[in-house]
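So the sequence lines, in the order shown, correspond to chains A and B.
So the mapping is simple: this note's numbering equals the position in the first sequence, first residue as 1, plus 259.
So the mapping is simple: this note's numbering equals the position in the second sequence, first residue as 1, plus 1.
Quick caveat, the hints were computed from the structure, so don't treat them as lab data.
Among the hints, erroneous ones may be present.
[What the hints assert, rightly or not] Label pairs and their in silico Cβ distance ranges: (1) 610/A - 133/B: 46 to 54 Å; (2) 535/A - 321/B: 47 to 55 Å; (3) 229/B - 324/A: 52 to 60 Å; (4) 380/B - 549/A: 47 to 55 Å; (5) 384/B - 697/A: 31 to 39 Å; (6) 221/B - 628/A: 50 to 58 Å; (7) 490/A - 396/B: 53 to 61 Å; (8) 435/A - 321/B: 53 to 61 Å; (9) 412/B - 624/A: 40 to 48 Å.
Here a beta-carbon is modelled for each residue, glycine too, at the ideal position from N, C-alpha and C.
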Amino acid sequence: MSAADAPSETAPVEHAAFDFVRAAGGVEEYRHQNGLTVLLAPEAAVPVVAFQVTYRVGSRNEGAGLTGATHLLEHLMFKGSERFNRDLGTSVFQVLQSLGGQINATTWYDRTNYYALLPSEHLEKAVEIEADRMRGARVRDEDLASERTVVLNELDRGENEPLRKLLHATYATAFHAHPYGHPVIGWRSDVETVTAEGLRHFYDTYYWPQNATATVAGQFDRAEALGLLDRHFGPIPAGPEAAEDAPEPLVHRPFDAAVTREPEQRGERRVVVRQAGELGAVLLAYKAPAGLDEAADALDVLVQVLAAGKSGRLYRALTDAGLATSSSAYYPRLRDPGLFIAYATLAPDVTHDTAEAALKAALHAVADDGITDAELARARRQVVADEAFGRDGPYAVVAQINEAVAVGDWTLFAHFRDRVEAVSAEDVQAAAVDVLDDNRLTAAWYVPDES
Amino acid sequence: MSDVHLAPRVHDAAAGSARLLLLNTGVRDVVSFRGSFESAPDLGAADDVVQSLVSNLLDKGTQRRDRFEIAAALEGRGAQVSFYSDGLRMGFAGRALRDDLGDVIAILAEQLRTPALDADEVQKAVVRAIAGVRRSLESTGSQASGALARRLYGPAHPNYALAPEDELAAVEAVTPEAVRQYHDEHVGSDGLTIAFAGDVDAAAVERAVEASLGDWAPHGRQPVFDAAADPEPPGRTVVEMADRRNLDVRLGHAVDLRRDSDDFLATFAGVFALGGNFSGRLMQTVRDEQGLTYGIGASLGGPSVRHDGHVRVNVTLSQENLDRGLAATRAEVEAFVAEGVGEDALAATRTTLAGQHVVALATTSGAAARLLVNAERGFDVGYLDRYPDLVQSLTTDEVTAAVRRHLRPADLHETVAGTLLDA
Chain A
260 MSAADAPSET APVEHAAFDF VRAAGGVEEY RHQNGLTVLL APEAAVPVVA FQVTYRVGSR
320 NEGAGLTGAT HLLEHLMFKG SERFNRDLGT SVFQVLQSLG GQINATTWYD RTNYYALLPS
380 EHLEKAVEIE ADRMRGARVR DEDLASERTV VLNELDRGEN EPLRKLLHAT YATAFHAHPY
440 GHPVIGWRSD VETVTAEGLR HFYDTYYWPQ NATATVAGQF DRAEALGLLD RHFGPIPAGP
500 EAAEDAPEPL VHRPFDAAVT REPEQRGERR VVVRQAGELG AVLLAYKAPA GLDEAADALD
560 VLVQVLAAGK SGRLYRALTD AGLATSSSAY YPRLRDPGLF IAYATLAPDV THDTAEAALK
620 AALHAVADDG ITDAELARAR RQVVADEAFG RDGPYAVVAQ INEAVAVGDW TLFAHFRDRV
680 EAVSAEDVQA AAVDVLDDNR LTAAWYVPDE S
Chain B
2 MSDVHLAPRV HDAAAGSARL LLLNTGVRDV VSFRGSFESA PDLGAADDVV QSLVSNLLDK
62 GTQRRDRFEI AAALEGRGAQ VSFYSDGLRM GFAGRALRDD LGDVIAILAE QLRTPALDAD
122 EVQKAVVRAI AGVRRSLEST GSQASGALAR RLYGPAHPNY ALAPEDELAA VEAVTPEAVR
182 QYHDEHVGSD GLTIAFAGDV DAAAVERAVE ASLGDWAPHG RQPVFDAAAD PEPPGRTVVE
242 MADRRNLDVR LGHAVDLRRD SDDFLATFAG VFALGGNFSG RLMQTVRDEQ GLTYGIGASL
302 GGPSVRHDGH VRVNVTLSQE NLDRGLAATR AEVEAFVAEG VGEDALAATR TTLAGQHVVA
362 LATTSGAAAR LLVNAERGFD VGYLDRYPDL VQSLTTDEVT AAVRRHLRPA DLHETVAGTL
422 LDA
């Protein structure tokens, strides 16, 4: 039995409205009668608590004309409800920030999350607010009017950044059919034209308890937390099918329905982004398996071998060799097949060809020759340390759980260390051989226009 | 009454010439640390350029082990150590698992006391620094902030920022000999303070620091810098940049205010009410009501117990909204000063600041950072416990008076960076 599955020192909480599902790694899962998933991660180190609601909706759920809708809706979720709004002096920010809370929300490919980090005695207010806006957000035309220009400015800020532009172009080139191809913030014309009605339909399709996971981490009482969650989320119907007066949802399919599947890539793709600037960059993106695929753990170890500090192969081959000012690799675990990415920001006077060749050589060396026992041991040790520091403060806990929920299995947070320790050097090489195939590569160059 | 009770839990010890602040937080297995020492640069001679290079080279090997051996020793333990240059001080930050902390402290000491500073590595660091300056030329935020700093301060002030072309020339002129000389003359145990937070075994940490840094000698130098700001007359600087639809704007002026001034907290709270977070006046009006920006805020810049700072408003504006956004921002700042801070706004600010203080202490790295900064300012550890009560005791009269004393809308300089639309 792994440490992650060792019996909890305390028995699960009994509550009439919740079923206990399972426990792992110090986290307990409960399911409310209305389908809301609840994760409790108590840690008594400091009197601070993090509360988060993750909705299983992201940019992957968007079609043409609605790109950026998830993100824009996230913005409008702060524009108020009948009970919590600026006019009453009770907006989400006014209430929670005045309690010392740090609050925010983020949108990504597979999920949208809303979180608050605040002194433990104020947990109920955070719960109350999230429950209220799960079905009570106003999403009004006048709110969209002011918030649209805010998001357009956010979009412009991102366009100012060369590496972000390069990443957008990479995903757009790598994915011809799957919604991962469009940026999470959306294409400009869609942001300019989306209607509040369209956003309300989006809201009415996805913002329901059965599509949400509520996570509580930090110093709190588990029984009290379940009581709060039942009190505030309990009255909400599970989904549109269960609601008497719910508006017609946008799409008539289950929450976990698949989106357009990306066809197999059978040839290298290339894209160049030009913009006024100083120094270039090269990014290599290979088609990679979904985050819960059995090869995903080996790819995480591959990232450590390539990019964890000065011991990483990319540092030696590029940064230390003077070809790049920085280099790295990462593999974002996504719900559907995504990308394995390696990149380098060029040093002055280094050509894109040279940097690309060096990047490819470093990657293919793993596929051709494998990794050493020392590299495997270091990668495991780094994961152990990362896991320990990943529990340093309740925000770190909910942030990691958030990504595990988005991929489709929150226990990835609890079992990650065990899974990595089970990876062999042969597994890493096999994953490199499979993924680092130039027929499934999108190579992207950022070329600064110095004129 | 404040709920923060750090002082009774912080073990304040000496290990040789090092002051140690040791806090066991109850978290398991992990320790974060942060430390700094007086480096005493001559800012009039642009020592900050070579100082920055020295800090970047401390993790590039020692006289005993090359950079890869050092990296393997740290990364094989899942530990991290990084170095930074911060004006009049240099510092380091890191993390380690509890059982590895003694070894990591020994490695840290080796890096500080006997760095290799090879000529090849110096050259690489120079190239990276040049690249860093060139990349800053792509950043509207960096260009706008730098332009404001040059309007408000002279070259010998810690808050000054060299113009990119001057910084490039200064970096290119650095030699390996200059780097070694700077290390010899400016890196020592002067004012060395290290904060440890997490699963801390105080006795073990004291022994480890004593063993490897206890006999580290001070350099004995004094810094050379200007403590007072030297502003130009209020005016505007535009940094034209191609392909940058979003413009970064800075409004600011120097303030005769130190971190230990009697009215610092009142001024800080007032500026926070103006633009410290989403509930602040600027976000509520310029962003939330008028939709003119994704990001706007106000803060005190570069506050220190040793030199002047400035008040600053940052705002990003899409190019078509530049004039409207600037006008709206200035109007809100003027109205804020004229009207003063209301009771509701101050009440929210008080509880926000007090709560933020507690939340910032919720991670080992946050706790270590707060302990260190507090010590660098010369404040006792108990100040961190008293801070929430000090904030809660602020009144609208004193905050409004402080705001009117230190925030002068007519004196605001303006810097803009990005692609401006043709008039």
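Here is how each hint holds up against the structure:
no.	hint	in the structure
1	610/A - 133/B: 46 to 54 Å	20 Å, violated
2	535/A - 321/B: 47 to 55 Å	19 Å, violated
3	229/B - 324/A: 52 to 60 Å	58 Å, holds
4	380/B - 549/A: 47 to 55 Å	52 Å, holds
5	384/B - 697/A: 31 to 39 Å	59 Å, violated
6	221/B - 628/A: 50 to 58 Å	53 Å, holds
7	490/A - 396/B: 53 to 61 Å	38 Å, violated
8	435/A - 321/B: 53 to 61 Å	33 Å, violated
9	412/B - 624/A: 40 to 48 Å	60 Å, violated
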